[in-house]
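Engineer: In order, the protein sequences belong to chains G and B. Quick note on the numbering used here: the first sequence kicks off at -17 and runs consecutively. Quick note on the numbering used here: the second sequence kicks off at 2 and runs consecutively.
The set of hints was computed from the structure by calculation and includes no laboratory data. Check before you lean on any hint, since a few could be wrong.
Said to hold, decoys possible - With a straight-line cut-off of 25 Å between C-alpha atoms, the simulated DSS-like cross-links for lysine-lysine are:
1) G:Lys394 x B:Lys95
2) G:Lys72 x G:Lys179
3) B:Lys19 x G:Lys395
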Amino acid sequence: MDSKADSALVVDKKIYDVQKIRNDFPILKLLVHGKPLVYLDNAATTQKPQYVIDKTNNYYEKMNANIHRGVHALSQEATEAFESSRIIIKNFINALGKNEIIFTRGTTESINLVASSFGRANVKEGDEIIISTMEHHSNIVPWQMLCAEKNAKLRVIPVNDEGEIIFEEFEKLINEKTKFVSVVYASNSLGTVNPVKKIIDLAHSYNIPVMLDAAQAINHLKIDVQQLDCDFLAFSGHKLYGPTGIGILYGKVNHLEAMPPYQGGGDMISKVTFEETTYNELPHKFEAGTPDIAGAIGLGAAIEYIEKIGLENIAYHENLLLEYATRAVSDLQGLRIIGTAKEKIGVLSFHFENVHPHDVGTFLDFEGVAIRTGHHCTQPLMRRFGVPATSRASFGMYNTIEEVDVLVNGLKKILEVFG
Amino acid sequence: MDQELRELYQQVILDHNKSPRNFRLIDHPTNHAEGYNPLCGDNINVFLSVNDKDIIEDISFQGSGCAISKASASLMTSLLKGKSVIEAEKIFNKFHELVTDKLGDNPDIDELGKLAVFGGVREFPARVKCASLAWHTMINALHNKNEKVVTE
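Required output: the full structure, derived from the provided sequences and hints.
Structural biologist: So, in structure tokens, the structure goes:
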């Protein structure tokens, strides 16, 4: 490991030193409108520690070459770095083998890959696919496209007023036509953590495969794909303190073997003639073209960084912030929290009776506070809660109680202006 | 409050946001259009009653949106009532130039009247579409285009 970024990698697991962690993230020193940046938009994307930035730069500065084909030194070094990232990721989610780890551009592409390859091969006219009301558009639209093509039907598990999946309704939706279930592990808009193990077990009792959108869960919850027994799992590097443009599809090897390729091109073949092509073995069968090599290396570095701090420690810290923030905003006049599930990740979505989220967002920006305002790519969910949009503060490993105070004071100022 | 922020949220805007004028339906409008901003979910309906001399006899709006979009719709309806369709189009052009910063540093305040309060919007590129949604929808309604206005 590079010595430059080693400081945070020796954090005592028992003492969560948030200041020490903050020092590893150069962007947190920025001023916005003359105020210290309070970055509370971690569900949209997380900031990158120096260690990840260095590892990514290091590839371009010291080993830039294409992978899997050159016999020269740089190509071999780059291939080794790229493939060791795959092993880091395999270990991180406890997959059975590294051939179950496919590099993609992100969660969206991972879901599209499964809908397109597995879906087209297995879903027929009249079949049904189950998703939930709280899905991100990226776990709605690919299935809608598949259903339109195959004349299949999309069924949707409803949520209760707290923003939790109604499990009994899921049980009722399953029938002999159900061919696939794809649900979000943790909701980006509400923070709800879904009972995915229960969902998987029930679906499997009917032999129905299950995909998990783990984009928001991956940096809060320890995920063990063998223990969960999910068939597919998708996540993005950039929500895990890693680079944008890189993501992962995990798939059980028997599914991946049986599935047709998603895209054709270089790297995914073993032999090409004009008459026919033999496809490469896993995982390369699903990795056509030169991938984001630096991104993959950066993602591996991000996981190394997270593991040194400890995912459980991060989750504990973020839960404290969530509890503190939830209590602090509860007293604000006309504020309604959207998403009050018993089990949540560090996401606080809210709506003021008389102040539109966009105005909240602009006012907070002038306090240096970055939050997300809008429908969070979950329009059906917004309709379910009868709001056009919400304001969302989402916490990361480097956020502090003092930053929550800045947020709450900012909200109080807004109420003074609009009250 | 920060000066730039105060420029954006002037008292007139806060006032129209709190008590929007002409926030109602028109029973039998001659012209109607719906506008939508997919980025923030803002939704607006503009209704007009235009007589055979091309004068806007009544104009109203309904929908949901931020303070900027609501105040913009409210001020627009107050200003356009009694104006001719041609005048409305002229004012629309002027307003559009103001919020997209085409009028330079010293816009002719007299001509814009109360709309001059939207001058601060040009400092906030992300909010220009909030200010202009009602206006685009109004123009569409006048041209009797039924397709939804989408600003992004």
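Engineer: State for each hint whether it applies.
Structural biologist: Now for the hints, and whether the structure bears them out:
A threshold of 25 Å between alpha carbons decides the hint, and for G:Lys394 with B:Lys95 the separation of about 36 Å lies outside it, so the pair is violated. Of the pairs offered as hints, the one joining G:Lys72 and G:Lys179 holds, with about 20 Å between alpha carbons and a cut-off of 25 Å not exceeded. Our distance criterion of 25 Å between C-alpha atoms is met by B:Lys19 and G:Lys395, whose separation comes to about 17 Å.
When held up to the earlier numbered hints, the structure conflicts with hint 1 and nothing else.
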